[in-house]
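Going down the list, the sequences are from chains B and F.
Converting from the first sequence to our numbering requires adding 8 to each position, the first position being numbered 1.
Converting from the second sequence to our numbering requires adding 120 to each position, the first position being numbered 1.
Any given hint could turn out to be false.
[Unchecked claim] Think about it this way: if two alpha-carbon atoms lie no more than 30 angstroms apart in a straight line, the pair counts; the simulated DSSO-like pairs of lysine-lysine are: (1) B:Lys-17 <-> F:Lys-529; (2) B:Lys-80 <-> B:Lys-30; (3) F:Lys-437 <-> B:Lys-17; (4) B:Lys-162 <-> B:Lys-80; (5) B:Lys-20 <-> F:Lys-529; (6) B:Lys-188 <-> B:Lys-80; (7) F:Lys-437 <-> B:Lys-86; (8) B:Lys-80 <-> B:Lys-124; (9) B:Lys-80 <-> B:Lys-20; (10) F:Lys-529 <-> B:Lys-118; (11) B:Lys-162 <-> F:Lys-529; (12) B:Lys-124 <-> F:Lys-437; (13) B:Lys-126 <-> B:Lys-162; (14) F:Lys-308 <-> F:Lys-239; (15) B:Lys-188 <-> B:Lys-225; (16) F:Lys-377 <-> F:Lys-364; (17) B:Lys-30 <-> B:Lys-17; (18) B:Lys-30 <-> F:Lys-437; (19) B:Lys-17 <-> B:Lys-118; (20) F:Lys-301 <-> F:Lys-239; (21) B:Lys-126 <-> B:Lys-188; (22) F:Lys-437 <-> B:Lys-20; (23) B:Lys-162 <-> F:Lys-437; (24) B:Lys-126 <-> F:Lys-437; (25) B:Lys-86 <-> B:Lys-124; (26) F:Lys-364 <-> F:Lys-386; (27) B:Lys-188 <-> B:Lys-124; (28) B:Lys-86 <-> F:Lys-529; (29) B:Lys-118 <-> B:Lys-225; (30) F:Lys-529 <-> F:Lys-437; (31) B:Lys-118 <-> F:Lys-437; (32) B:Lys-80 <-> F:Lys-437; (33) F:Lys-529 <-> B:Lys-30; (34) B:Lys-80 <-> F:Lys-529.
No lab work stands behind these hints, which were simulated from the structure alone.
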Amino acid sequence: MIQVRNLVKSFKDGPIETRVLKGIDFYARQGEFIAIMGRSGAGKSTLLYQMSLLDEIRISGKEAHLMNEHEKMLFRLKEFGYVFQDYALLPELTALENVALPILMQGVSKGEAEEKAKVALERVGIGARLNNLPSQLSGGEQQRVSVSRAIAHKPSVLFADEPTANLDRESSSRVMDLFKELHTSGQTIIMVTHEDEYSRFADRIITLDDGRIIFEKTVPRDKELSPV
Amino acid sequence: MFSIVHIRVGFYLALRQLRRASRWTTSLIVFVMLLTFLNLVVVTGLLVGIVAGISNQFRIQQTGDVMITALDTKDYIENSPHILSFLHTLPQPHIVSARYSTSGTIEANYYFRVDLNEKPNETGASIVGIDPAVENDFSNLSRYIGEGHYLSENDYDAVLLGPQFVDRYSFGEQPGLTPLKNVYPGTKVRLTINGNTREVVVKGILDVPANSPLAARVFMPASEVRQLMGRTDYAVNEIAILLKPGTDGVAFRDLLKRSGIGDKAKVQTFEEGIPNGVAEVQNTFAMIGNAIGSIGLVVAAITIFIVIFINAITRRKFIGILKGIGISGEAIEISYVFQSLFYAAIGSVLGMGILYGFLVPYISANPISLPISEAIIVAPLDGTMIRIGLIVFTTIIAGYLPSRMIVRKNTLDSILGRN
Numbered sequence: 009m010i011q012v013r014n015l016v017k018s019f020k021d022g023p024i025e026t027r028v029l030k031g032i033d034f035y036a037r038q039g040e041f042i043a044i045m046g047r048s049g050a051g052k053s054t055l056l057y058q059m060s061l062l063d064e065i066r067i068s069g070k071e072a073h074l075m076n077e078h079e080k081m082l083f084r085l086k087e088f089g090y091v092f093q094d095y096a097l098l099p100e101l102t103a104l105e106n107v108a109l110p111i112l113m114q115g116v117s118k119g120e121a122e123e124k125a126k127v128a129l130e131r132v133g134i135g136a137r138l139n140n141l142p143s144q145l146s147g148g149e150q151q152r153v154s155v156s157r158a159i160a161h162k163p164s165v166l167f168a169d170e171p172t173a174n175l176d177r178e179s180s181s182r183v184m185d186l187f188k189e190l191h192t193s194g195q196t197i198i199m200v201t202h203e204d205e206y207s208r209f210a211d212r213i214i215t216l217d218d219g220r221i222i223f224e225k226t227v228p229r230d231k232e233l234s235p236v
Numbered sequence: 121m122f123s124i125v126h127i128r129v130g131f132y133l134a135l136r137q138l139r140r141a142s143r144w145t146t147s148l149i150v151f152v153m154l155l156t157f158l159n160l161v162v163v164t165g166l167l168v169g170i171v172a173g174i175s176n177q178f179r180i181q182q183t184g185d186v187m188i189t190a191l192d193t194k195d196y197i198e199n200s201p202h203i204l205s206f207l208h209t210l211p212q213p214h215i216v217s218a219r220y221s222t223s224g225t226i227e228a229n230y231y232f233r234v235d236l237n238e239k240p241n242e243t244g245a246s247i248v249g250i251d252p253a254v255e256n257d258f259s260n261l262s263r264y265i266g267e268g269h270y271l272s273e274n275d276y277d278a279v280l281l282g283p284q285f286v287d288r289y290s291f292g293e294q295p296g297l298t299p300l301k302n303v304y305p306g307t308k309v310r311l312t313i314n315g316n317t318r319e320v321v322v323k324g325i326l327d328v329p330a331n332s333p334l335a336a337r338v339f340m341p342a343s344e345v346r347q348l349m350g351r352t353d354y355a356v357n358e359i360a361i362l363l364k365p366g367t368d369g370v371a372f373r374d375l376l377k378r379s380g381i382g383d384k385a386k387v388q389t390f391e392e393g394i395p396n397g398v399a400e401v402q403n404t405f406a407m408i409g410n411a412i413g414s415i416g417l418v419v420a421a422i423t424i425f426i427v428i429f430i431n432a433i434t435r436r437k438f439i440g441i442l443k444g445i446g447i448s449g450e451a452i453e454i455s456y457v458f459q460s461l462f463y464a465a466i467g468s469v470l471g472m473g474i475l476y477g478f479l480v481p482y483i484s485a486n487p488i489s490l491p492i493s494e495a496i497i498v499a500p501l502d503g504t505m506i507r508i509g510l511i512v513f514t515t516i517i518a519g520y521l522p523s524r525m526i527v528r529k530n531t532l533d534s535i536l537g538r539n
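Given the sequences, and given the hints that come with them, work out the whole structure.
If you want it as structure tokens, here you go:
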């Protein structure tokens with residue numbers, strides 16, 4: 009479903025060039041739940057941003073920077089869902105509106121978009137707080153809205169960047185339970201985390217250090233995964 | 121490329137951002153737009169209104185909507201009584217004022233003149249014979265009395281002087297017009313018309329701007345002027361007609377011309393009767409007003425640009441998130457354009473309300489008294505709509521450019537707040 013070969017990423021700050029990813033080979037199969045782990049600065053988030061087309065990467069053999077902004081936008085809109093560490097909800101939109109917005113962008117009517125958003129929010133347990141602004145929700149609730157926004161349009165891949173980093177233990181567990189439930193229903197998930205406790209939900213754990221994959225472990229599961 | 125979906129999503133975002141934005145910020149931006157509107161429309165309208173005030177003075181103080189005067193070959197209007205009778209049968213006139221008009225001289229301080237070789241304190245004057253009651257209905261002449269009292273029906277040997285004849289009010293000497301010294305209500309002056317001299321009392325002195333047609337006129341009851349002129353008939357020199365509201369002056373002029381009056385007298389609308397050059401001055405003032413308004417428009421455009429730019433830059437992270445979750449740059453730009461449009465529209469609507477609901481009617485009823493005229497605001501609706509169009513267009517550009525600048529930045533850099 010996603011394949012990355014010899015991925016290299018550098019950041020330039022004046023004359024100084026820092027190589028963050030140093031030749032990553034990576035794949036994700038449909039329905040797989042992958043946890044990317046590593047210490048701070050290992051390149052986990054950078055790898056996620058590359059794969060999720062928020063930065064430049066090869067997609068289906070085509071260089072992403074050859075895709076224009078509109079093509080990239082359409083691809084992200086249809087194929088990907090994102091959950092950010094700081095929830096990344098729009099503060100002036102209610103929970104319902106935050107979730108409805110990307111659905112609306114797919115060309116459906118406002119009523120239909122909000123209906124789909126409502127279903128998605130009910131699925132994550134926010135059905136009673138549809139009209140609350142993000143500022144009126146707890147961190148855990150905001151993250152669940154964020155997950156709801158990411159999955160409402162049924163993306164092929166759900167990318168999550170440290171989704172529990174800002175949450176307390178209880179909220180974190182609820183979000184991870186949600187991920188588990190999504191994964192069980194067939195959702196492909198690629199999650200960056202530095203918490204061992206939550207990596208156990210994944211099918212495969214990839215550990216990065218200094219821009220390289222240093223360890224890869226497959227967690228035994230009952231279900232069959234599709235080939236790469 | 122903009123599509124219906126972009127517009128819908130842009131509107132969806134803009135509506136919610138406006139609804140939940142700080143009310144103080146929104147009010148401030150709308151206030152700026154309101155001031156821009158007023159600057160653009162009212163400043164121009166007022167400048168044009170100063171000249172329009174001069175024209176309007178001629179209309180309400182002298183010519184009315186239509187004026188009948190003697191042909192160039194005659195000293196008076198032929199068949200004046202018949203014309204007046206005919207006018208009174210027509211439904212269009214509101215007030216008709218028939219006046220005798222002639223030139224003469226006024227002399228003051230002759231009691232104190234000890235040396236006959238001294239130049240007398242004398243001036244040439246345009247002397248107008250009026251029916252005091254009718255003229256007051258017509259031009260509200262009594263309103264302009266600065267000192268003394270207005271003429272009454274039974275006054276005899278009494279005159280009203282325009283301010284140009286009195287040295288303390290005069291705007292300076294003009295050819296043939298020398299301001300009189302020590303003249304107050306109750307002062308006796310000598311009035312000479314066609315060699316007939318009469319001593320009259322100054323009953324009142326008018327207080328009007330220099331450009332007023334009343335400024336250099338002497339008013340006295342019509343019967344006396346007629347006697348001094350030596351006229352035995354009732355042929356008047358000017359008939360000023362104020363029409364009922366809504367009556368077309370041009371159509372009425374044509375009606376009078378068709379009725380045969382045009383053969384006996386000169387029939388003109390007030391626009392035709394006002395002095396040459398007023399229209400040119402009016403256009404000049406309008407151009408100056410537009411120039412000042414244009415500067416205001418540029419200032420408003422810069423203000424909106426800064427406001428939208430600051431708004432967009434502080435929301436850069438959210439713009440990045442929007443792009444990240446698949447909202448197109450075009451939809452985000454449209455949302456800012458809608459917000460700019462909202463500010464411009466509300467500012468303009470409020471401005472229209474203040475302009476047409478308050479300023480125009482209030483200043484029309486209470487003109488601003490300036491040394492050269494009683495200024496009003498001239499703001500025709502078509503001109504105002506063009507200015508609103510300009511404001512809206514400028515605002516769209518001022519809203520679009522900064523949002524485009526921010527939207528074009530790299531999505532991930534925006535999300536992560538990197539430069």
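Each hint, compared with the structure:
Straight-line distance between C-alpha atoms of Lys-17 (chain B) and Lys-529 (chain F) comes to about 19 angstroms, which keeps the hinted pair within the 30 angstroms bound. A threshold of 30 angstroms between alpha carbons decides the hint, and for Lys-80 (chain B) with Lys-30 (chain B) the separation of about 25 angstroms falls inside it, so the pair holds. A distance of roughly 22 angstroms separates the Cα atoms of Lys-437 (chain F) and Lys-17 (chain B); the hinted pair therefore holds under the 30 angstroms criterion. With a CA separation close to 17 angstroms, the supplied pair Lys-162 (chain B) and Lys-80 (chain B) stays within the 30 angstroms bound.
Proximity of Lys-20 (chain B) to Lys-529 (chain F) is assessed by CA-CA distance (about 17 angstroms); at most 30 angstroms being required, the pair is judged to hold. Between Lys-188 (chain B) and Lys-80 (chain B) the alpha-carbon distance is near 28 angstroms, which keeps this suggested pair within the 30 angstroms criterion. At most 30 angstroms may separate the alpha-carbon atoms for a hinted pair to count; Lys-437 (chain F) and Lys-86 (chain B) meet this at roughly 22 angstroms. Among the hinted pairs, Lys-80 (chain B) with Lys-124 (chain B) is consistent with the structure: their alpha-carbon atoms are about 24 angstroms apart, no more than 30 angstroms.
Straight-line distance between C-alpha atoms of Lys-80 (chain B) and Lys-20 (chain B) comes to about 24 angstroms, which keeps the hinted pair within the 30 angstroms bound. In summary, the hint linking Lys-529 (chain F) to Lys-118 (chain B) is supported, as the alpha carbons are separated by about 29 angstroms, within the 30 angstroms threshold. Simply put, Lys-162 (chain B) and Lys-529 (chain F) have alpha-carbon atoms about 28 angstroms apart, close enough for the 30 angstroms limit, and the pair holds. Note on Lys-124 (chain B) and Lys-437 (chain F): the hinted pairing holds, with a Cα-Cα distance of about 26 angstroms set against a maximum of 30 angstroms.
Between Lys-126 (chain B) and Lys-162 (chain B), the direct Cα distance comes to roughly 14 angstroms. Compliance with the 30 angstroms bound is thereby established for this hinted pair. A C-alpha spacing of about 18 angstroms is found between Lys-308 (chain F) and Lys-239 (chain F), which places the hinted pair at or below 30 angstroms, so the restraint holds. For the hint pairing Lys-188 (chain B) with Lys-225 (chain B), the CA-to-CA distance comes to about 18 angstroms; that is within 30 angstroms, so the pair holds. A distance of roughly 19 angstroms separates the Cα atoms of Lys-377 (chain F) and Lys-364 (chain F); the hinted pair therefore holds under the 30 angstroms criterion.
Of the supplied pair hints, the one linking Lys-30 (chain B) and Lys-17 (chain B) holds, its CA atoms being roughly 7 angstroms apart against a limit of 30 angstroms. Restraint check for Lys-30 (chain B) and Lys-437 (chain F): satisfied, since their Cα atoms lie roughly 28 angstroms apart, inside the 30 angstroms limit. Restraint check for Lys-17 (chain B) and Lys-118 (chain B): the C-alpha separation of about 40 angstroms exceeds 30 angstroms, so the hint is violated. Between Lys-301 (chain F) and Lys-239 (chain F) the CA atoms are separated by roughly 13 angstroms; this keeps the pair inside 30 angstroms, and the hint holds.
A hinted pair counts as satisfied when its Cα atoms are at most 30 angstroms apart, and Lys-126 (chain B) with Lys-188 (chain B) qualifies at roughly 21 angstroms. Restraint check for Lys-437 (chain F) and Lys-20 (chain B): the C-alpha separation of about 21 angstroms stays at or below 30 angstroms, so the hint holds. Under the criterion of a C-alpha separation no larger than 30 angstroms, the hint pairing Lys-162 (chain B) with Lys-437 (chain F) is consistent with the structure, at around 25 angstroms. Of the supplied pair hints, the one linking Lys-126 (chain B) and Lys-437 (chain F) holds, its CA atoms being roughly 26 angstroms apart against a limit of 30 angstroms.
Simply put, Lys-86 (chain B) and Lys-124 (chain B) have alpha-carbon atoms about 15 angstroms apart, close enough for the 30 angstroms limit, and the pair holds. With a C-alpha separation of about 21 angstroms, the suggested pairing of Lys-364 (chain F) with Lys-386 (chain F) holds against the 30 angstroms cut-off. Taking the CA atoms of Lys-188 (chain B) and Lys-124 (chain B), the gap is near 21 angstroms; set against the 30 angstroms cutoff, the hint holds. Between Lys-86 (chain B) and Lys-529 (chain F) the alpha-carbon distance is near 22 angstroms, which keeps this suggested pair within the 30 angstroms criterion.
A distance of roughly 44 angstroms separates the Cα atoms of Lys-118 (chain B) and Lys-225 (chain B); the hinted pair therefore is violated under the 30 angstroms criterion. The hinted pair formed by Lys-529 (chain F) and Lys-437 (chain F) meets the criterion: a straight-line CA distance of about 11 angstroms does not exceed 30 angstroms. About 25 angstroms separates the Cα atoms of Lys-118 (chain B) and Lys-437 (chain F), which keeps this hinted pair within 30 angstroms; it holds. A threshold of 30 angstroms between alpha carbons decides the hint, and for Lys-80 (chain B) with Lys-437 (chain F) the separation of about 18 angstroms falls inside it, so the pair holds.
Under the criterion of a C-alpha separation no larger than 30 angstroms, the hint pairing Lys-529 (chain F) with Lys-30 (chain B) is consistent with the structure, at around 26 angstroms. Between Lys-80 (chain B) and Lys-529 (chain F) the CA atoms are separated by roughly 14 angstroms; this keeps the pair inside 30 angstroms, and the hint holds.
Hints 19 and 29, counting from the list given before, are not met by this structure.
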